[in-house]
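Participant: Sequence:
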Amino acid sequence: MLLTALAPFLAAFVAPLVVRFVGRYAGWVLGIVPAAIFIYLAGLTGFVSDVRPLAAAYPWADGFEFSFYLDGLSLVFGLLISGIGTFIVIYSGGYLAGHPHLGRFMSFILMFMGSMMGLVMSDSVITLFVFWELTSITSFLLIGFDHARQASRRAAMQALVITGGGGLALLAGLILLGYTAGSWNVSDMLNAPGLFEGDAAGLYLPILLLVLAGAFTKSAQVPFHFWLPNAMEAPTPVSAYLHSATMVKAGVYLLARLHPVLGDTVEWNTILPVFGGVTLLTGSILALRQTDMKQMLAYTTMGSLGMLVMLIGVGTEAAMLGAILFLIAHSFYKGGLFMIVGTLDHETGTRDITRLSGLFSKMPVSGVSAILAAVAMAGFLFTVGFYGKEEIYKIITSGNPMDVLVVLVAIVGNALMLVVGVAIAVKPFFGPAIETPLSPHEGPPSLIVGSLILGILGIGGGLMVVEFGDYFAIPAAQAMLGETIEGHLHSLLDFAYLNWALLTLSAITWGLGLFVFFFLDQTRALLRRVAEVWRWGPDQGFDQAMFGLLRGSARVTHFLHHGRLELYLILIFVLLAAATIGPLYGPPILADLAAFFTGTESQALYPLMWFGLSELTFYEWAIILIALLGLLAVVIGRTRLVAIVSLGIQGFAVALIFMLFGAPDLSFTQFMVETLSVVILALVMTRLHLDQRDSRVLEEVVRDGGIAVLAGLGMTMAILSVLSHPLDLRLSEFFEQTSVAVAHGHNIVNVILVDYRALDTLGEISVVMTAGIAILALIRIRTGGPKLGIGVPKKAGTGGSSRKSASARKSASTRSKSRAKSGKATA
60 MLLTALAPFL AAFVAPLVVR FVGRYAGWVL GIVPAAIFIY LAGLTGFVSD
110 VRPLAAAYPW ADGFEFSFYL DGLSLVFGLL ISGIGTFIVI YSGGYLAGHP
160 HLGRFMSFIL MFMGSMMGLV MSDSVITLFV FWELTSITSF LLIGFDHARQ
210 ASRRAAMQAL VITGGGGLAL LAGLILLGYT AGSWNVSDML NAPGLFEGDA
260 AGLYLPILLL VLAGAFTKSA QVPFHFWLPN AMEAPTPVSA YLHSATMVKA
310 GVYLLARLHP VLGDTVEWNT ILPVFGGVTL LTGSILALRQ TDMKQMLAYT
360 TMGSLGMLVM LIGVGTEAAM LGAILFLIAH SFYKGGLFMI VGTLDHETGT
410 RDITRLSGLF SKMPVSGVSA ILAAVAMAGF LFTVGFYGKE EIYKIITSGN
460 PMDVLVVLVA IVGNALMLVV GVAIAVKPFF GPAIETPLSP HEGPPSLIVG
510 SLILGILGIG GGLMVVEFGD YFAIPAAQAM LGETIEGHLH SLLDFAYLNW
560 ALLTLSAITW GLGLFVFFFL DQTRALLRRV AEVWRWGPDQ GFDQAMFGLL
610 RGSARVTHFL HHGRLELYLI LIFVLLAAAT IGPLYGPPIL ADLAAFFTGT
660 ESQALYPLMW FGLSELTFYE WAIILIALLG LLAVVIGRTR LVAIVSLGIQ
710 GFAVALIFML FGAPDLSFTQ FMVETLSVVI LALVMTRLHL DQRDSRVLEE
760 VVRDGGIAVL AGLGMTMAIL SVLSHPLDLR LSEFFEQTSV AVAHGHNIVN
810 VILVDYRALD TLGEISVVMT AGIAILALIR IRTGGPKLGI GVPKKAGTGG
860 SSRKSASARK SASTRSKSRA KSGKATA
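Take 60 as the starting number for the sequence shown in the working numbering and just add one per residue.
Source of the hints: derived by calculation from the structure; they are not laboratory data.
Hints may be right or wrong, so weigh each one.
Stated by the list, open to error - Now the in silico label distances, taken between C-beta atoms and shown as ranges:
hint	residue 1	residue 2	range
1	Ala210	Leu742	48 to 58 Å
2	Ala492	Leu65	25 to 35 Å
3	Ile493	Gly546	44 to 54 Å
4	Ser498	Asn328	21 to 31 Å
5	Gly490	Ala590	18 to 28 Å
6	Phe618	Asp598	45 to 55 Å
7	Phe793	Gln209	49 to 59 Å
8	Gly224	Ala637	30 to 40 Å
9	Ala114	His617	52 to 62 Å
10	His160	Gly570	39 to 49 Å
11	Leu562	Gly519	39 to 49 Å
The C-beta atom is built at its ideal place from N, Cα and C for all residues, glycine as well.
Make the full structure from the sequences, and use the hints.
Facilitator: Have a look at this one:
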């Protein structure tokens, strides 16, 4: 099972090499991997159909497992992903034959396949989320594959932002769900009775909303639907795979998987049917407005996803069985139709349905495949879609007004989707021939084999509906319900089981769909006039939100990063004082104030404990006195250079304290740091030609002095507060025990810096190096050297002057001295 989930990633690793060696036949070679996965999963149908799920787990991290779970639901999804994926990989090799980046594309599509396989087979919710996010990342790479086009980049970014944002919400929901269930495995959650009873009842609604946010964004439910049609900027193989068996079905899979855990509540049975029904009608209606056949299919996919969400929300046995049959039928005909549209575009140079006609004689195999797919999409007799539609319409027998409304919405949605399927099967292939940009002809085998087989399966599965249901549909529906159901699917040829009422509803659906089809041009014109009046939509709103985000971030950046170093330092030290003083002494001060105003006594604010000072020796007092004298010199120093040199006295005093208390190596480091700091600062101050005097006014002195006193007092109190508690020596003992045995170093301080916190030390070195380069660049710019300290002066005769003339240098020096005398020079 681990190999099943990871095999596509291994194939993706070698895909560029395969393309390099076999060229246009790479699709046939790489298609072996998903075909092998399909054969393996198909061999497990006997086990799974007996309601015996398979599980496997591998230790991953403390408390987590890399676990897989295969039951009827995940098996159906796995078969669709690998089976249709086989044809998509073959199709990609023919569709993109000769493309310079075919190897990259094959890697992306196989990683996409592996992400979906891992998602539907995951048992751990953490593993599920990892693969969930991988589908967003790989779809971003696929949608934006033609990265030279701005529309492709926008569509890829839009899909990533929408589905990625939903993924973050889903992560929060899954974490809450894992803590509530006491397990991270979905299989344990499915068997946990009364999960949201008692104290956990209040967590149900937040978990539900977070999970729905992830599912709705991934499966393009209104109002998050707009990214899906825009994703048609991807190459057609991506569209065919994404819409038939992969990413957009991930949200549906999640809802179906968690139905036994979160379903059968008022919230679940209300939110899902409402959003699903609105999405079904919105997608079906918008599909009629399009002339680009990929866009027509994209909007019907959106409508189909709405149908599935609506059925899962209803949650009855008929709804679940109808949902799984509809899911399978949709995968068959939608994958086939997308490949047919891609073949038409590839061989004629256009996919505009108004510019194609009379192609059946020149593309007969594609025409037959389109007819088979359209028959399945319409749900005509003896197709898988017909039996799924019958189960959906059976919901009306409950007599619940909500269920009646669901069936009416399903009838309208099915009828409008029939219009699109028939239009794509009829208009391009029949009627008078129209000249196309390219001379039309039948595509190569790699472009037609997949659509033809999927078209046959859409009808063949209906002809063997009993076996099809027993092995695939019913086990999946049982997993969605969390209970056993009886098989009741029967062939239409068995007249004893004919339901004339349901057949009448199907006939109404077909009649309504054919009626709209005959007036498709008029319907399209009407919808476009409506679109001209109502221009704003969520797609435009997304652009406005993104532009607003960019403008807002620019303003925030300008406000916070204004370039005034003085204000940066003031803010840093004010926050340092607040962070150290506030938590330690804020609550006691408030308690004393409350006691003062209420007239009661309080001992909340204890005096600062200057413990240990009475035990100092005379030479230790001498070092403290030296530090105080250095501090006084810094404060009263008239020039910056005196202040810098005086500041080094503090560092040397601290180094002496380190030496007295038995840390000579730390003392040596402190000596080096202070020496280098004083030297570097002195050099910088002298080379920048700044005003040597401290020109601050009294208000600035009071402000800076007050902040300095508060920051120093806060750090002192924080250190004393720490020292007032018992010292925890566990970390010190660990370093002492492992310094030699593990790190092979006798100097514990050096071992800590170089081994235990090596990355931290490396980061510090990088920061110091970067700061040094920046200082060098500033100095060289200021002194007229090469800009940014890069390069060498140009030689004479190379088109530029490397040196200033003597008069220019003299003028610059005069201006610099003038600015220094006027006190206007700033650091």
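Participant: Could you run down the list of hints and mark each one as holding or not?
Facilitator: Evaluation of the provided hints:
1. At roughly 55 Å, the beta-carbon separation of alanine 210 and leucine 742 lies within the given 48 to 58 Å, and the hint holds.
2. Between alanine 492 and leucine 65 the Cβ separation comes to about 49 Å, which falls outside the hinted range of 25 to 35 Å.
3. Between isoleucine 493 and glycine 546 the CB atoms are about 49 Å apart, so this pair conforms to the stated range of 44 to 54 Å.
4. In this structure the supplied range 21 to 31 Å is violated for serine 498 paired with asparagine 328, their Cβ-Cβ distance being about 55 Å.
5. Under the hint 18 to 28 Å, the C-beta atoms of glycine 490 and alanine 590, about 27 Å apart, fit the expected range.
6. For phenylalanine 618 paired with aspartate 598, a C-beta distance near 31 Å fails the hint of 45 to 55 Å.
7. Evaluation of the 49 to 59 Å hint for phenylalanine 793 and glutamine 209 yields a pass: the beta carbon distance comes to about 56 Å.
8. Between glycine 224 and alanine 637 the CB atoms are about 33 Å apart, so this pair conforms to the stated range of 30 to 40 Å.
9. As the Cβ distance of alanine 114 to histidine 617 is approximately 55 Å, the hint placing it in 52 to 62 Å holds.
10. The supplied range of 39 to 49 Å is met by histidine 160 and glycine 570, whose beta-carbon atoms lie about 48 Å from each other.
11. Taken as a hint, the range 39 to 49 Å is violated for the pair leucine 562 and glycine 519, whose Cβ atoms sit roughly 21 Å apart.
When each numbered hint is compared with the structure, violations occur for hints 2, 4, 6 and 11.
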